[in-house]
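My request is simple: use the sequences and hints to build the entire structure.
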Amino acid sequence: MDLTKNFVKAKRPCAEGFRWFLRTHQNGGDYQPLLDALVRDGRVDDACWLLTQFGPTDAVLSVNAIDAQAIVFAGTLEVRGNIEVDSILRAGGSIRAGGGIRAGQSIIAGEDVRADGNIRSGGTLDAGGDIKAGWGIEAEGALQCGGNLRVEWDLSCGGLLTVGGNAYIGQDVVAKGAVQCSKSLRTGGFITGASSIRATHGIEAGTTIHCQEHLEAGWGIKALGAIVAGGAIKAGESLQTEATIRAGDGYGIYAGLNVPVEVWEASAWVRARELPNRLFSGHWQAPATS
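Numbered per my numbering, the sequence shown finishes at 290, counting up by one with no gaps.
A hint or two may mislead.
As the list claims (entries may be wrong) - Simulated restraints on C-beta separations:
id : residue 1 : residue 2 : range
1  : Gln285    : Gln53     : 53 to 63 Å
2  : Leu257    : Pro287    : 20 to 30 Å
3  : Ala286    : Thr200    : 26 to 36 Å
4  : Arg80     : Ala243    : 42 to 52 Å
5  : Arg80     : Pro33     : 18 to 28 Å
6  : Leu224    : Pro260    : 23 to 33 Å
In case anyone wonders, no lab produced these hints; they're calculated from the structure.
Quantities reported herein were computed from a predicted structural model and do not represent experimental measurements.
Note that CB positions come from ideal geometry on N, CA and C, so glycine has one too.
As structure tokens, then:
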């Protein structure tokens with residue numbers, strides 16, 4: 001794609017960025033070489049703006065490893081080893097690594113982000129498609145996944161955690177912002193959230209579920225350990241734990257919100273070590289006594 005002066009000007013670039021373009025590419029330039037030149041001159045934000053304006057390409061860059069200050073690539077990155085970037089790592093297509101991926105500021109892909117090792121971002125992690133890590137994920141800022149999220153080890157998120165599909169985490173989840181999952185959220189360990197946790201389908205944890213605000217699932221909520229929220233606990237179907245269920249002071253616990261009352265016994269049961277305080281809906285099933 002050849003970007004001419006008039007073509008770029010029509011996108012209303014900032015004055016400083018357009019002056020740079022006129023000074024260095026007076027006769028225009030090819031898309032990816034222009035992105036590369038912006039990054040080389042330290043104008044990474046301008047490169048990201050250009051990619052946002054003109055979109056992804058079907059180009060594929062296949063290399064053994066990447067170690068750079070910043071990368072802005074319009075196509076897909078396929079790296080056999082590790083990706084190490086000091087600031088911004090961005091691709092219009094997918095980012096795939098046979099090792100780990102690390103960026104000091106942000107990782108952004110128009111499609112998937114996949115790594116056989118760890119994925120670590122000093123800021124945000126944003127993928128329009130799936131995110132998959134063979135080890136763990138650590139994002140100091142928000143994490144946004146447009147598709148399915150799969151992490152074999154731990155997931156740590158310093159901001160809002162948003163998943164457009166299903167989320168599976170092999171071990172623990174720690175989120176300092178709200179958790180929003182458009183399908184099911186399942187972990188092998190605990191789920192801890194500093195805000196609300198919501199899933200359109202079900203929520204299942206291998207140990208405990210703790211959140212500071214509301215806990216809500218359109219289907220059921222299940223945990224081996226305690227289910228504790230600082231706000232209300234709402235399940236469209238059943239609630240189950242071998243420990244206790246506790247809502248915040250002044251808030252209630254609700255099961256069966258999405259099924260008729262007459263089928264609560266089969267589809268909206270509440271099972272716990274003891275009857276939860278302020279259980280306002282659902283069919284309580286007392287634990288069996290020996």
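Range hint 53 to 63 Å: satisfied by the CB atoms of Gln285 and Gln53? 58 Å, holds
Does the Cβ distance between Arg80 and Pro33 fall inside 18 to 28 Å? Taking Cβ atoms as reference, Arg80 and Pro33 lie about 24 Å apart, which means the hint holds.
Could you see if the CB distance from Ala286 to Thr200 stays within 26 to 36 Å? For Thr200 against Ala286, whose Cβ atoms are near 30 Å apart, the range 26 to 36 Å holds.
Could you tell me whether the CB distance from Leu224 to Pro260 stays inside 23 to 33 Å? 29 Å, holds
Is 20 to 30 Å respected by the C-beta to C-beta distance linking Leu257 and Pro287? Cβ of Leu257 to Cβ of Pro287: about 23 Å, so the range 20 to 30 Å holds.
Arg80 paired with Ala243, Cβ distance criterion 42 to 52 Å: 45 Å, holds
Going through the hint list in order, the structure satisfies each hint without exception.
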